[in-house]
Amino acid sequence: MLFVHIRYQLPLAILPLVLKYLQEELNSSELNQLLSSDWEERKEGKKGRRKERKKKEGKKEKRKKERNEKERRKERKRKEGMKERKRKKGRKKEKEGKKEGKKEGKKGRRKERKKKEGKKGKRKKERRNERKKMEERKKERKKKKEGKKRKGERMKNPQQYPAKVTK
1 MLFVHIRYQL
11 PLAILPLVLK
21 YLQEELNSSE
31 LNQLLSSDWE
41 ERKEGKKGRR
51 KERKKKEGKK
61 EKRKKERNEK
71 ERRKERKRKE
81 GMKERKRKKG
91 RKKEKEGKKE
101 GKKEGKKGRR
111 KERKKKEGKK
121 GKRKKERRNE
131 RKKMEERKKE
141 RKKKKEGKKR
151 KGERMKNPQQ
161 YPAKVTK
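1 is the number of the first residue of the sequence shown in our numbering; add one for each residue after it.
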């Protein structure tokens, strides 16, 4: 009864009348067949609805992910844009600085070049000095090693190496 009420959306008050009418018009096997087929349809409908609901949920999740991805992309673009603007500002300042240098003229640029060359020269000198020091240290180490070897040999055969005379 309730099924008929739900399926056909009839008010509960007239359900007994409907059932009585159906019993009179149809024999019991036909009535059972009708009701059971409706029940099966309803069952399938439930399954179908569940599938549809799952599909919708899946679509919702998909849309959510897409929205999030879109927002992330926007954020990334915004950050990149900010970085680019900063770079452009820096370039502008550099250009302005260069323009001021041009105003000073070639002398100013020449001075800057000489300064740079001087710095380069300093670096070169420092490196050269470092190399020289390293070589000297190497030579000292070699001398020490040779001295130790001689000492060892002197200890082995003292006739060949006479002792040093100290005053």
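Treat each hint with caution, since some may be false.
What the hints assert, rightly or not - Ranges of calculated distance between the beta carbons of each label pair, as one might list FRET restraints:
no., residue 1, residue 2, range
1, Lys-93, Arg-127, 45 to 55 Å
2, Glu-117, Glu-146, 25 to 35 Å
3, Lys-64, Glu-24, 27 to 37 Å
Claimed, not checked - Calculated pairs, SDA-like style, for lysine to any residue (alpha carbon to alpha carbon, straight line, at most 25 Å):
no., residue 1, residue 2
4, Lys-120, Lys-139
5, Lys-79, Glu-69
6, Lys-125, Lys-144
7, Lys-95, Lys-125
8, Lys-142, Gly-152
9, Lys-144, Met-155
10, Lys-79, Lys-93
11, Lys-64, Lys-74
12, Lys-79, Arg-67
13, Lys-89, Glu-69
14, Lys-51, Lys-65
15, Lys-145, Met-155
16, Lys-51, Lys-74
17, Lys-120, Glu-130
18, Lys-65, Lys-79
19, Lys-95, Glu-66
20, Lys-83, Lys-64
21, Lys-79, Glu-66
22, Lys-65, Lys-86
23, Lys-111, Glu-130
24, Lys-144, Met-134
25, Lys-148, Glu-135
26, Lys-56, Arg-72
27, Lys-62, Gly-81
28, Lys-144, Arg-131
29, Lys-138, Gly-152
30, Lys-86, Arg-76
No lab work stands behind these hints, which were simulated from the structure alone. All C-beta atoms in this analysis are idealised placements derived from N, C-alpha and C, irrespective of residue type, glycine included.
Here is how each hint holds up against the structure:
1. Lys-93 with Arg-127: 45 to 55 Å: For Lys-93 and Arg-127 the Cβ distance comes to about 34 Å; the hint is violated.
2. Glu-117 with Glu-146: 25 to 35 Å: Given a distance of about 43 Å, which is not inside 25 to 35 Å, the answer is violated.
3. Lys-64 with Glu-24: 27 to 37 Å: violated (56 Å)
4. Lys-120 with Lys-139: violated (29 Å)
5. Lys-79 with Glu-69: holds (15 Å)
6. Lys-125 with Lys-144: violated (29 Å)
7. Lys-95 with Lys-125: With Cα atoms ~33 Å apart, Lys-95 and Lys-125 exceed 25 Å; violated.
8. Lys-142 with Gly-152: holds (15 Å)
9. Lys-144 with Met-155: holds (17 Å)
10. Lys-79 with Lys-93: Since the Cα atoms of Lys-79 and Lys-93 sit roughly 21 Å apart, the hinted pair holds (cutoff 25 Å).
11. Lys-64 with Lys-74: holds (15 Å)
12. Lys-79 with Arg-67: holds (18 Å)
13. Lys-89 with Glu-69: violated (30 Å)
14. Lys-51 with Lys-65: holds (21 Å)
15. Lys-145 with Met-155: holds (15 Å)
16. Lys-51 with Lys-74: Cα-Cα ~34 Å, so violated.
17. Lys-120 with Glu-130: holds (15 Å)
18. Lys-65 with Lys-79: holds (21 Å)
19. Lys-95 with Glu-66: Between Lys-95 and Glu-66 the Cα gap is close to 43 Å, so the pair fails against 25 Å, i.e. violated.
20. Lys-83 with Lys-64: Distance ~29 Å between Lys-83 and Lys-64 Cα, so the pair is violated.
21. Lys-79 with Glu-66: Given that 25 Å is the threshold and the Cα spacing comes to 20 Å, the pair holds.
22. Lys-65 with Lys-86: This hinted pair is violated, its Cα atoms lying about 32 Å apart.
23. Lys-111 with Glu-130: Answer violated: Lys-111 to Glu-130 is near 29 Å, above 25 Å.
24. Lys-144 with Met-134: holds (15 Å)
25. Lys-148 with Glu-135: Holds, at about 20 Å.
26. Lys-56 with Arg-72: holds (24 Å)
27. Lys-62 with Gly-81: violated (28 Å)
28. Lys-144 with Arg-131: holds (20 Å)
29. Lys-138 with Gly-152: holds (21 Å)
30. Lys-86 with Arg-76: holds (15 Å)
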